[in-house]
Every structure is written in C-alpha cells, then in structure tokens.
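Working from the sequences, and respecting the hints, build out all of it.
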Amino acid sequence: MRFLISNDDGYFAPGLAALAATLGRHGEVVVVAPERDRSGASNSLTLDRPLTLRQAANGFHYVNGTPTDCVHLAVTGWLDFRPDMVFSGINHGANMGDDTIYSGTVAAATEGYLLGIPSVAVSLCGKSGQNFATACHVVDGLVERFRERPFGAPVLLNVNVPDIPLPALAGVATTRLGRRHHAEPVIQARNPRGEAVYWVGAVGAAQDAGEGTDFWATANNLASVTPLSIDLTAYPQLDGVKAWLQP
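Numbering of the sequence shown is given in our numbering, commencing with residue 26 and proceeding in unit increments.
These are calculated hints, taken from the structure and not from any lab test. It cannot be assumed that every hint is accurate.
As the list claims (entries may be wrong) - Using C-beta positions, here's what the derived DEER-type ranges look like:
no.: 1; residue 1: SER254; residue 2: SER153; range: 27 to 35 Å
no.: 2; residue 1: PRO272; residue 2: LEU104; range: 48 to 56 Å
no.: 3; residue 1: GLY49; residue 2: TRP269; range: 53 to 61 Å
no.: 4; residue 1: PRO190; residue 2: LEU253; range: 22 to 30 Å
no.: 5; residue 1: VAL266; residue 2: PRO75; range: 38 to 46 Å
no.: 6; residue 1: GLY177; residue 2: PRO217; range: 54 to 62 Å
no.: 7; residue 1: GLY196; residue 2: SER254; range: 23 to 31 Å
For clarity, every value in this text was computed on a predicted model and none was experimentally measured. By construction, the Cβ of each residue, glycine as well, lies at the ideal position given by its N, Cα and C atoms.
Have a look at this one:
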C-alpha cells in the first residue's frame, strides 16, 4: 500500500514520526507536513503566495503552508502516484465534537477525502503525549481492516485515542460527534508597548457527551472512530427557509 501522511503540528512532531513508522510496516510512506505548527488552521488553502516544498534530514517533506496545502500540493501536482490512503496525525491532543471544524489535523484528512482518497485523521487525547504507541496500535488495526475489506467509496474517519497504555485500552467504538459549550472568553493582556493583545480562550466543556459520542468513548478508555460528512446543508431547515423567502 502507498500512504500520504500529513499533520498540523509540523514535520518535527513526535506523533508524525510515530505514525510514519507504523504505516511504514504496511507499505510505502510519503510525509508532506507543514513547516511549523498550524493547529486550528481548518481547511484553509494558501492562495496569496506560492508554496515551497523542502526535505528535512529525516526524509520528511515540509511546506510553508497549511495542512490542506500539504495534501493538495502532494496529490494534485507533486506525487507521481495516487495514494491508497491519506493519514493525518498523530495529533497531540483531541479533535472531538465541534473541534473538528477548526482542526488542521481533520482538515488534512478532509482534503484527501475531497480528492477521492480514503482518509483518516488520528489524535491522541491528552496533554502528556506519552502513549502514541496506543494510537499506533489502533492505526495498525484500521489499515489491516482496510486492506482486507476496503470501502466501496472514499471515506473520511476521525479517530481519537485515549492517552493511556495499550493494556488499558478497552477497544474501539464507532461514534458520533459530541458537542461543546461555547468557548471561554478571550484573554486580554498587554504587550511590552502597552498595547492590548488578546489570546483565544480555552475550548468549552463538553455539552453533549452521552453514550455513543466521541467524548463518551474516550472517557471510557475506548478509541473513537467517527465517520465524517462534508455536506453542510441543514436539510431540516430547507422547507422553512423556502417558505420564509416566499413573497
């Protein structure tokens, strides 16, 4: 198998190296990642300047752009083959619920999916980042399943793995996205010149974390696998908006 890997933490991130090593046991791996941390970049493309692609000493390639740029550049112009799968991660920190809208990790996988390639975003839920091996074990299982039973059409999976030792992992659960409360307010500070500056506040607490959600699964030592859709149409509101627009 041939894999394209990206992330949003940057080409130097330990989770990226762990993912590349894991997928390298299954086939050919090419890494194209951002040159710096682009967490929260979402699905942005760089359109106001050209992009450069360089190779680091470890063999990974990096781009002076966003995670979406990395996958788009690789698939549509740089690679001389079409990857069998796109993987993004392993992110240091969860990407669950509403976080998926902002996540550069999910965005890189989304770009692969939009280009017609089965794609998987993988995140390790926790601040310590001590158990990437657990996430790698989950990735191994997903690749084997894909090899044995490939999907008939491209799929986009968002995977979150609790940051726990592998023996403590209770299994893998298919989940839906949970929901968060509103984010905390921005934090105002002063720079050395006395000017007001603002830090984006922390994410809100989980609002919908009931059984079946990604929040619930990881809290119960389960790896969460959520199939994502890109169609943002609010179908239940179509008739109401149509009636509202009538003269």
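TODO: Could you say whether the range 27 to 35 Å given as a hint is met by the Cβ separation of SER254 and SER153?
DONE: Because 32 Å falls inside the window, the suggested range holds.
- [ ] State, for the Cβ atoms of PRO272 and LEU104, whether the hinted interval 48 to 56 Å holds or is violated.
- [x] Cβ of PRO272 to Cβ of LEU104: about 52 Å, so the range 48 to 56 Å holds.
TODO: For VAL266 and PRO75, compare the CB-CB distance with the range 38 to 46 Å and indicate the outcome.
DONE: Because 40 Å falls inside the window, the suggested range holds.
Task: Beta-carbon spacing of GLY177 to PRO217 - inside the hinted bounds 54 to 62 Å or not - done: Holds: the Cβ-Cβ distance is about 58 Å, inside 54 to 62 Å.
Task: TRP269 and GLY49 - C-beta distance against the hinted 53 to 61 Å - done: Once the Cβ atoms are compared, 54 Å apart, the range 53 to 61 Å for TRP269 and GLY49 holds.
- [ ] Check the following: the C-beta atoms of PRO190 and LEU253 are separated by a distance inside 22 to 30 Å.
- [x] Taking Cβ atoms as reference, PRO190 and LEU253 lie about 28 Å apart, which means the hint holds.
TODO: Using the beta carbons of GLY196 and SER254, state whether their distance is inside 23 to 31 Å or not.
DONE: Because 24 Å falls inside the window, the suggested range holds.
No hint from the list above goes unmet by this structure.
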